[in-house]
Every structure is written in C-alpha cells, then in structure tokens.
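Asker: Okay, here's what each chain looks like letter by letter:
Protein chains: 2
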Amino acid sequence: MPKLDLDAIPQTNATGYPPQYAEVVQGRWYRRLAPVAGLEDFGASHVVLQPGAWSAQRHWHEGEDELVVMIAGEAVLVDETGETPMRAGDVAAFPKNDGNGHVLQNRSGAPCIFVAIGRMADTACHYPDIDMHLFAGAGRQKRKDGSDF
Amino acid sequence: MPKLDLDAIPQTNATGYPPQYAEVVQGRWYRRLAPVAGLEDFGASHVVLQPGAWSAQRHWHEGEDELVVMIAGEAVLVDETGETPMRAGDVAAFPKNDGNGHVLQNRSGAPCIFVAIGRMADTACHYPDIDMHLFAGAGRQKRKDGSDF
Numbered sequence: 001m002p003k004l005d006l007d008a009i010p011q012t013n014a015t016g017y018p019p020q021y022a023e024v025v026q027g028r029w030y031r032r033l034a035p036v037a038g039l040e041d042f043g044a045s046h047v048v049l050q051p052g053a054w055s056a057q058r059h060w061h062e063g064e065d066e067l068v069v070m071i072a073g074e075a076v077l078v079d080e081t082g083e084t085p086m087r088a089g090d091v092a093a094f095p096k097n098d099g100n101g102h103v104l105q106n107r108s109g110a111p112c113i114f115v116a117i118g119r120m121a122d123t124a125c126h127y128p129d130i131d132m133h134l135f136a137g138a139g140r141q142k143r144k145d146g147s148d149f
Numbered sequence: 001m002p003k004l005d006l007d008a009i010p011q012t013n014a015t016g017y018p019p020q021y022a023e024v025v026q027g028r029w030y031r032r033l034a035p036v037a038g039l040e041d042f043g044a045s046h047v048v049l050q051p052g053a054w055s056a057q058r059h060w061h062e063g064e065d066e067l068v069v070m071i072a073g074e075a076v077l078v079d080e081t082g083e084t085p086m087r088a089g090d091v092a093a094f095p096k097n098d099g100n101g102h103v104l105q106n107r108s109g110a111p112c113i114f115v116a117i118g119r120m121a122d123t124a125c126h127y128p129d130i131d132m133h134l135f136a137g138a139g140r141q142k143r144k145d146g147s148d149f
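Here the protein sequences come in this chain order: F and V.
Per my numbering, the first sequence runs over residues 1 to 149.
Per my numbering, the second sequence runs over residues 1 to 149.
Pulled out of the complex, with its shape left as it was, chain F reads as follows:
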C-alpha cells in the first residue's frame, strides 16, 4: 500500500559523528523511508527531533539538494542569514553547493517532526562551525585536515 506505516518502520538515532559532535543529535530519531518504500530516485527521512535535539551539525553539501517539509512542532532554522522559525506546513530548500550551512534546532519543549528529502550522492559535506569534514568517497567524517578522529 502506498501509505507508509510509519510506526512499523524502525526508528534510529544512529550517527556517524565522533562523540564530541554527536551529543546534539542524540535526540534525533529518524526513519529511512526510501528503502522501505522502494524509492530509488531520491532519499527521504522521517525525522523526530526531541526537545533540544538538532537535525545535524550545521552543514552544506557540495552535491546534494535537500528539502525539508515541516509536519508538526517547531524548530529554529539556523543558517548564514540568521535564525528563522519553522512550523507545520513550512518548507525549506537547501540547494547543493550554496555554501550556506544550515541546521534545524528544536528549542521547544515538545517534539518536532519533519520529512527531509535528498539524493544519495557521494559528495563532500562542509561543517562551518566545527573541525569536521566529509570527503567524497570517505564514507564518514574526518577532521578538516583529512585525519581520522
């Protein structure tokens, strides 16, 4: 059936971040939808941010467009332009290679829920606020000088 049974899809808070950068995403619980749904053209994640959780470390991708559709609750979108509230029904787009690091932070007292769409792409990801970088082909984050954590 096309309608996804979200409750039946495993939820995880796994992260590839090293411990010193992982704390902010411990309350980020996500479900990978595309493999379950049989989608190949793009990826999609159903994400619940518990109070205090961030969607990621602030970042931008060299080669991956991203789109976020807010479903419930509130988050603060932090990027180079400042802070923008995001509420149910709001949509934000993050074009690849725009150099505008972005993150959603749940500063409220209730969970916030969104769906994030992207495309699986092996390209670099930049983290302006921390000494971390995802090199294309590396598969996981390293220090900006290329050394492992």
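Read the hints as simulated data drawn from the structure, not as lab findings.
Given the structure is predicted, the values throughout are model-derived calculations rather than measurements.
Keep in mind that the hints are not guaranteed to be accurate.
[What the hints assert, rightly or not] Label-pair restraints from in silico Cβ distances:
#	chain 1	residue 1	chain 2	residue 2	range
1	V	Glu-40	F	Pro-85	23 to 31 Å
2	F	Gly-139	V	Ile-9	49 to 57 Å
3	V	Pro-18	F	Asp-131	54 to 62 Å
4	V	Asn-97	F	Asp-122	22 to 30 Å
5	V	Gly-27	F	Pro-35	28 to 36 Å
6	F	Asp-129	V	Glu-40	24 to 32 Å
7	F	Asp-145	V	Gly-16	32 to 40 Å
8	V	Gly-52	F	Gly-99	38 to 46 Å
9	V	Glu-40	F	Ala-22	43 to 51 Å
[Unchecked claim] With a cut-off of at most 27 Å between alpha-carbon atoms, the simulated DSS-like pairs for lysine-lysine come out as follows:
#	chain 1	residue 1	chain 2	residue 2
10	V	Lys-144	F	Lys-96
11	V	Lys-142	V	Lys-96
12	F	Lys-144	F	Lys-96
13	F	Lys-96	F	Lys-142
14	F	Lys-96	V	Lys-96
15	V	Lys-96	F	Lys-3
16	V	Lys-144	V	Lys-96
[Claimed, not checked] A short, non-exhaustive set of chain F residues, derived as facing chain V with CB atoms under 10 Å:
#	residue
17	Val-36
18	Gly-38
19	Pro-85
20	His-102
21	Ile-113
22	Gly-118
23	Leu-134
In this text, a Cβ means the ideal position worked out from N, Cα and C, and glycines have one as well.
Once you have looked at the hints, place chain V on chain F.
Answerer: Relative to the frame of chain F, chain V by itself:
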C-alpha cells in the same frame, strides 16, 4: 533564505489534460518549488486541493518515483488496493513502474495541503481509468492509441 516564502510563489491550476478529463483538477492549485528554490536533483510541488478536487487522474509512472507528505486537511488515497485516508503527517510513496494507479481525492469540506516530490523524467504515464496516456517524448497526453485529442 532557505525557508520558502510560499505566499510569494505563484500558484496555478493549469493542466495539460484535455477538457473532458480536466474538471477534477480545476480545484488543484499548485506551486512548483524546485525552480524557485534552485533545486535540480528532484522536483517538488506544494499543492492545495480545494474541496472536491483531485491531485490528478489516477495514474502511475513508468520511470518516476513519487512521494507525498500531507501537511493539512484530509484526502482519500485511491489505488488498486482500495481507499485509504490521508491526514496531516501521513506519508505515501509511489515507486516507479509499480503498475498501481493512484490519486488523492479531497472529499472533505476544507482544503487539503501536501507536498509532492518527484523527479523530472521523460517516461510514460499510465491512466487506468480513462482513455489517456502520456507517451515518453510526447510532452502531453494523447489517447491510448496514440491519437491526439
């Protein structure tokens, strides 16, 4: 700014359907988000279905995955398996070439709103309930025998 100013994006109810099949989508008002947002990897439309409106004629694509994220209101998802209610927060996926014609119908008395994601792809689209077909490369709908309307 990554958050899209939806009110500033032009809304249209334009359709390429011939008149005999267009009535059900007259109350389908959509905004194409990807060109405005600078996204290239996939397409996205913000859609408002007024009461009585359908998202499309029931259809399935040979080569385009689709995902729908419900934001507000109610719709009935009609496909080969029957009828399924869709409400805010629900997500439905339509893998390419699955042969399962689908449509969202707003049978409620209030608008329903969703975001639909797909990939621009020049592949055939099948309409099981009507004598219409989109042939790859044709650019617009024809009768199933290939003749123009």
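Asker: Would you mind marking each hint as holding or not holding in the structure?
Answerer: Going down the list of hints, with the structure as the test:
Here the CB-CB span from V:Glu-40 to F:Pro-85 is close to 27 Å, well matched to the stated 23 to 31 Å. In this structure, F:Gly-139 and V:Ile-9 break the distance hint of 49 to 57 Å, their C-beta atoms being roughly 37 Å apart. Taking the beta carbon of each, V:Pro-18 and F:Asp-131 are about 59 Å apart, inside 54 to 62 Å as hinted. The supplied range of 22 to 30 Å is met by V:Asn-97 and F:Asp-122, whose beta-carbon atoms lie about 25 Å from each other.
Against the hinted window of 28 to 36 Å, the Cβ-Cβ separation of V:Gly-27 and F:Pro-35 comes to about 35 Å, which satisfies the hint. Our hint of 24 to 32 Å for F:Asp-129 and V:Glu-40 holds, since their Cβ atoms are close to 27 Å apart. For F:Asp-145 and V:Gly-16, the hinted distance range of 32 to 40 Å is not satisfied, since their beta carbons lie about 53 Å from each other. In this structure, V:Gly-52 and F:Gly-99 meet the distance hint of 38 to 46 Å, their C-beta atoms being roughly 45 Å apart.
Take V:Glu-40 and F:Ala-22: their Cβ atoms lie about 31 Å apart, and the range 43 to 51 Å is violated. For the suggested pair V:Lys-144 and F:Lys-96, the alpha carbons sit about 39 Å apart, so the restraint of at most 27 Å is broken. Annotation: proposed proximity of V:Lys-142 to V:Lys-96 holds, straight-line Cα distance about 20 Å (limit 27 Å). Of the supplied pair hints, the one linking F:Lys-144 and F:Lys-96 holds, its CA atoms being roughly 20 Å apart against a limit of 27 Å.
Of the pairs offered as hints, the one joining F:Lys-96 and F:Lys-142 holds, with about 20 Å between alpha carbons and a cut-off of 27 Å not exceeded. Restraint check for F:Lys-96 and V:Lys-96: satisfied, since their Cα atoms lie roughly 25 Å apart, inside the 27 Å limit. In summary, the hint linking V:Lys-96 to F:Lys-3 is supported, as the alpha carbons are separated by about 15 Å, within the 27 Å threshold. A distance of roughly 20 Å separates the Cα atoms of V:Lys-144 and V:Lys-96; the hinted pair therefore holds under the 27 Å criterion.
Evaluation of the F:Val-36 hint against chain V yields a held restraint, the C-beta minimum of about 8 Å falling below 10 Å. Taking 10 Å as the C-beta contact cut-off toward chain V, the hint placing F:Gly-38 at the interface holds, the least distance being around 4 Å. Interface restraint check for F:Pro-85: the shortest CB-CB distance to chain V comes to about 9 Å, inside 10 Å, so the restraint holds. Because the beta carbon of F:His-102 sits about 6 Å from the nearest beta carbon in chain V, less than 10 Å, this interface hint is met.
Using the Cβ-Cβ criterion of 10 Å, the hint placing F:Ile-113 at the interface with chain V is satisfied: the shortest such distance is roughly 7 Å. The interface hint given for F:Gly-118 holds, since its Cβ lies 8 Å from the closest Cβ of chain V, which is under the 10 Å cut-off. Interface restraint check for F:Leu-134: the shortest CB-CB distance to chain V comes to about 17 Å, outside 10 Å, so the restraint is violated.
The structure is inconsistent with the numbered hints 2, 7, 9, 10, 23, although it conforms to all the rest.
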